[in-house]
Amino acid sequence: MKKNKNKVLVLLDLNAPTDEIISYTAKLAEEINADYEFFAVKKPTEIVNTDSQLSAMRSINRDYINVTNKIKAIVAPLSNNVKVNIKTSFVNWQC
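Just so we're aligned, residue 1473 is where the sequence shown starts under the working numbering, counting upward by one.
What the hints contain is simulated information worked out from the structure, not anything from laboratory work.
Positions of the beta carbon are idealized from the N, C-alpha and C atoms, including for glycine.
Please note: incorrect hints may appear among the correct ones.
Just the calculated beta-carbon pair ranges, DEER-fashion [stated by the list, open to error]:
| id | residue 1 | residue 2 | range |
| --- | --- | --- | --- |
| 1 | Thr1517 | Ser1495 | 25 to 35 Å |
| 2 | Asn1541 | Asn1476 | 42 to 52 Å |
| 3 | Ala1528 | Ser1495 | 34 to 44 Å |
The calculated DSS-like cross-link candidates involving lysine-lysine, where the alpha carbons are at most 30 Å apart (straight line), are [said to hold, decoys possible]:
| id | residue 1 | residue 2 |
| --- | --- | --- |
| 4 | Lys1515 | Lys1475 |
| 5 | Lys1477 | Lys1514 |
| 6 | Lys1479 | Lys1499 |
| 7 | Lys1479 | Lys1514 |
| 8 | Lys1514 | Lys1499 |
| 9 | Lys1477 | Lys1499 |
| 10 | Lys1477 | Lys1544 |
| 11 | Lys1542 | Lys1514 |
| 12 | Lys1515 | Lys1542 |
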């Protein structure tokens, strides 16, 4: 019988300091033998400022690269001790 591995999901606000959150998450995941994932959400209006579809796609692509690089920079100190998988996705979320 295959046992499912525990996961810890960390919701990040990339505008706030995250050093303590990252270190606590690493310690917790290590103690309970879990994988952890980092997740950041932005409103579409924070990314796209124009009406042009092509400009919107460029803005989304540019922001995707920037967010991925920010998360990699935040997680880089942990990568020496713990294997970290970084997954990034964008969704069109409407309330």
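Do the hints match the structure? See the list:
no., hint, verdict
1, Thr1517 <-> Ser1495: 25 to 35 Å, "holds, 32 Å"
2, Asn1541 <-> Asn1476: 42 to 52 Å, "violated, 31 Å"
3, Ala1528 <-> Ser1495: 34 to 44 Å, "holds, 37 Å"
4, Lys1515 <-> Lys1475, "violated, 36 Å"
5, Lys1477 <-> Lys1514, "holds, 28 Å"
6, Lys1479 <-> Lys1499, "holds, 13 Å"
7, Lys1479 <-> Lys1514, "holds, 23 Å"
8, Lys1514 <-> Lys1499, "holds, 27 Å"
9, Lys1477 <-> Lys1499, "holds, 16 Å"
10, Lys1477 <-> Lys1544, "holds, 23 Å"
11, Lys1542 <-> Lys1514, "holds, 14 Å"
12, Lys1515 <-> Lys1542, "holds, 17 Å"
Figure legend: structure checked against the earlier numbered hints; hints not met, in rising order: 2, 4.
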